[in-house]
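Engineer: Here my numbering is used: the first residue of the sequence shown is 1, the next is one more, and so on.
Please note that a few of the clues may not be correct.
No more than 20 Å apart at the CA atoms, straight line, and that leaves these computed lysine-lysine pairs for PhoX-like [what the hints assert, rightly or not]:
{"hint": "1", "residue 1": "20", "residue 2": "63"}
{"hint": "2", "residue 1": "6", "residue 2": "105"}
{"hint": "3", "residue 1": "105", "residue 2": "49"}
{"hint": "4", "residue 1": "13", "residue 2": "70"}
Now the in silico label distances, taken between C-beta atoms and shown as ranges [said to hold, decoys possible]:
{"hint": "5", "residue 1": "120", "residue 2": "61", "range": "30 to 36 Å"}
{"hint": "6", "residue 1": "27", "residue 2": "65", "range": "29 to 35 Å"}
{"hint": "7", "residue 1": "34", "residue 2": "9", "range": "17 to 23 Å"}
{"hint": "8", "residue 1": "52", "residue 2": "119", "range": "37 to 43 Å"}
{"hint": "9", "residue 1": "85", "residue 2": "13", "range": "34 to 40 Å"}
{"hint": "10", "residue 1": "62", "residue 2": "38", "range": "19 to 25 Å"}
{"hint": "11", "residue 1": "59", "residue 2": "119", "range": "32 to 38 Å"}
{"hint": "12", "residue 1": "73", "residue 2": "13", "range": "20 to 26 Å"}
{"hint": "13", "residue 1": "36", "residue 2": "106", "range": "35 to 41 Å"}
{"hint": "14", "residue 1": "18", "residue 2": "120", "range": "27 to 33 Å"}
Since the hints were derived computationally from the structure, they do not count as laboratory data.
No residue lacks a Cβ here, since even glycine has one placed at the ideal position from N, Cα and C.
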Amino acid sequence: FNDHYKIDPVIFKAWMSVLKNDGSGGSSVIWALRHGAEHTLRASAAILKVDSARLIFSAFFPKGQHLQIKGLSDLFLDTPLYNAHSTASDMLWAQVPVLTLPVEKMAARAAASILLAGGMGIGI
């Protein structure tokens, strides 16, 4: 549910590798909000031999329901160059595990800081 500008080519390729090798038989998906880059992301998935239908884009959720809807996720994959901030908190409130990879800059450590503050460690 991060903004699309946070998804760099390296992390996108890693996510597509996960989808290709996840053992789900094609049932797992990347679920993101519509922000305008859907066509580019679908085309990039196809280039990487991933069925573009496995990228699901939805409208913004009603404020009163967003945690409940986000709670339908199995795992939140964070973006390492610019981490989730409030989205990471939302996912944890919705009881969804957050997978993050903190790097040097402050913006790339936000989700890890939230996990540490919650006593969960960063899992890396």
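Engineer: Against this structure, judge whether each hint is valid.
Structural biologist: Hints versus structure:
1. Simply put, residue 20 and residue 63 have alpha-carbon atoms about 33 Å apart, too far for the 20 Å limit, and the pair is violated.
2. The straight-line distance between the Cα atoms of residue 6 and residue 105 is roughly 14 Å, inside the 20 Å bound, and the hint therefore holds.
3. The straight-line distance between the Cα atoms of residue 105 and residue 49 is roughly 32 Å, outside the 20 Å bound, and the hint therefore fails.
4. At roughly 23 Å between alpha-carbon atoms, residue 13 and residue 70 are farther apart than 20 Å, so this suggested pair is violated.
5. Checked against the hint of 30 to 36 Å, the pair residue 120 and residue 61 fails, with Cβ atoms roughly 24 Å apart.
6. Our hint of 29 to 35 Å for residue 27 and residue 65 is violated, since their Cβ atoms are close to 24 Å apart.
7. Against the hinted window of 17 to 23 Å, the Cβ-Cβ separation of residue 34 and residue 9 comes to about 20 Å, which satisfies the hint.
8. Range check, residue 52 to residue 119: about 39 Å between beta-carbon atoms, so the 37 to 43 Å window is met.
9. Checked against the hint of 34 to 40 Å, the C-beta distance between residue 85 and residue 13 comes to roughly 24 Å, which is inconsistent with it.
10. Distance hint check: the CB atoms of residue 62 and residue 38 are about 21 Å apart, consistent with the given range 19 to 25 Å.
11. Remark: the range hint 32 to 38 Å for residue 59 to residue 119 is upheld by a beta-carbon distance near 34 Å.
12. At roughly 21 Å, the beta-carbon separation of residue 73 and residue 13 lies within the given 20 to 26 Å, and the hint holds.
13. Restraint check, residue 36 to residue 106: a C-beta distance of roughly 26 Å breaks the suggested window 35 to 41 Å.
14. Between residue 18 and residue 120 the C-beta distance comes to about 21 Å, which lies outside the given range of 27 to 33 Å.
When each numbered hint is compared with the structure, violations occur for hints 1, 3, 4, 5, 6, 9, 13 and 14.
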